[in-house]
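Protein chains in written order, with this note's numbering: chain A, 29 to 206; chain B, 29 to 206.
It is worth saying that the hints were derived from the structure and are not from the lab. Hints may be right or wrong, so weigh each one.
Pairs involving identical chains hold if they fit within one copy or between any two copies, as the list cannot separate such chains.
Straight-line alpha carbon distances no greater than 27 Å define the calculated DSS-like cross-link-like pairs of lysine-lysine that follow [to be verified]:
{"hint": "1", "residue 1": "K200", "residue 2": "K125"}
{"hint": "2", "residue 1": "K92", "residue 2": "K171"}
{"hint": "3", "residue 1": "K200", "residue 2": "K92"}
{"hint": "4", "residue 1": "K58", "residue 2": "K179"}
2 protein chains.
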Amino acid sequence: MAKRSYPLSRVYGLLEPGPVLLLTTSRRGKANVMTMSWHTMIDFEPPLVGCVVSGNDFSFAALKATRQCVLNIPTVEWSAMVVGCGNVTGRSVDKFKKFGITPVPAALVEAPLIDECYANLECRVVDTRLVNRYNFFVLEVVKAHLDPACKQPRTLHHQGWGNFMVAGETIKLPSRMR
Amino acid sequence: MAKRSYPLSRVYGLLEPGPVLLLTTSRRGKANVMTMSWHTMIDFEPPLVGCVVSGNDFSFAALKATRQCVLNIPTVEWSAMVVGCGNVTGRSVDKFKKFGITPVPAALVEAPLIDECYANLECRVVDTRLVNRYNFFVLEVVKAHLDPACKQPRTLHHQGWGNFMVAGETIKLPSRMR
Chain A
29 MAKRSYPLSR VYGLLEPGPV LLLTTSRRGK ANVMTMSWHT MIDFEPPLVG CVVSGNDFSF
89 AALKATRQCV LNIPTVEWSA MVVGCGNVTG RSVDKFKKFG ITPVPAALVE APLIDECYAN
149 LECRVVDTRL VNRYNFFVLE VVKAHLDPAC KQPRTLHHQG WGNFMVAGET IKLPSRMR
Chain B
29 MAKRSYPLSR VYGLLEPGPV LLLTTSRRGK ANVMTMSWHT MIDFEPPLVG CVVSGNDFSF
89 AALKATRQCV LNIPTVEWSA MVVGCGNVTG RSVDKFKKFG ITPVPAALVE APLIDECYAN
149 LECRVVDTRL VNRYNFFVLE VVKAHLDPAC KQPRTLHHQG WGNFMVAGET IKLPSRMR
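Bound conformation, chain A alone (with noise of 0.2 Å):
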């Protein structure tokens, strides 16, 4: 996809409706990639982000070792990539093999951006204190890719056991609220 830098402003935005991401890292030389959708904003600017990665996830130690990940925002029409990394483990799977993902070489961090996604978001881990009570880690964003060309991404949102809500219309309210 061809993409344009986005303001880190904006960010916000795409995590507050509550997307599926698919989390990258990468150690050692070798990427891997989650499904994640425990997430949410905390901070507006810079875009910090709270989010949950199981100790039980290959992804964990990468994280926690490195420091450093890409949250990769996926719409339905790859809704197979997403269930597939979230059905095996990348400790035995390169899931970028098995599930046909395009890696693309991050601006700022190890981890690779997922070409498929219409937005991605370079990330460093920036607090870790409830990391060993809750596997939750705070990232800050430190670069934004957009696709400008998906105006309505139709983002999935997870609710358990196979079903996942489609994004639907946007509409306009006459909210205040940044």
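The hints should help you fit chain B onto chain A, whose structure is shown.
Chain B only, in chain A's frame:
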């Protein structure tokens, strides 16, 4: 609305898709409600939820002092209530009166349930370690109520500056993730 008790083990499926919430508190007999969508699941059972309530919000002091709240999930029919509660402060306005919100006593906490919302989650604050730095509270959901007639809730998902994505269709994918 006619609601039933909802299993705590299934609460994550209501919050994980990322809906806008109405957070109610009550302090010294005075209830308040605020619009909030910076939240994430942290654990399945007991259900733990992390959320950001800004120090500028009137609800912040009540949440910190009482360590209790209710997370109410509105649908698009109640968007005027959602936007109204986000645009004004409880310091000077009784939002229940102003926006015609119906408070219902909760079972285990002082904060009221919002009758108009299809789901209500009674919560206690269980961790305040990240409050000073990020206004980030960890809540435990101690009781859940749901309107079983609401099968496909058209929840709101905030994209910033008055733009809200409305929940679309639910699809079933061959996922083995809980």
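Do the hints match the structure? See the list:
1. K200 <-> K125: Between copies, since 25 Å is at most 27 Å while 41 Å is not.
2. K92 <-> K171: within (20 Å within a copy, 34 Å between copies)
3. K200 <-> K92: Cα proximity of K200 and K92: none, with 40 Å in one copy and 33 Å across.
4. K58 <-> K179: neither (33 Å within a copy, 43 Å between copies)
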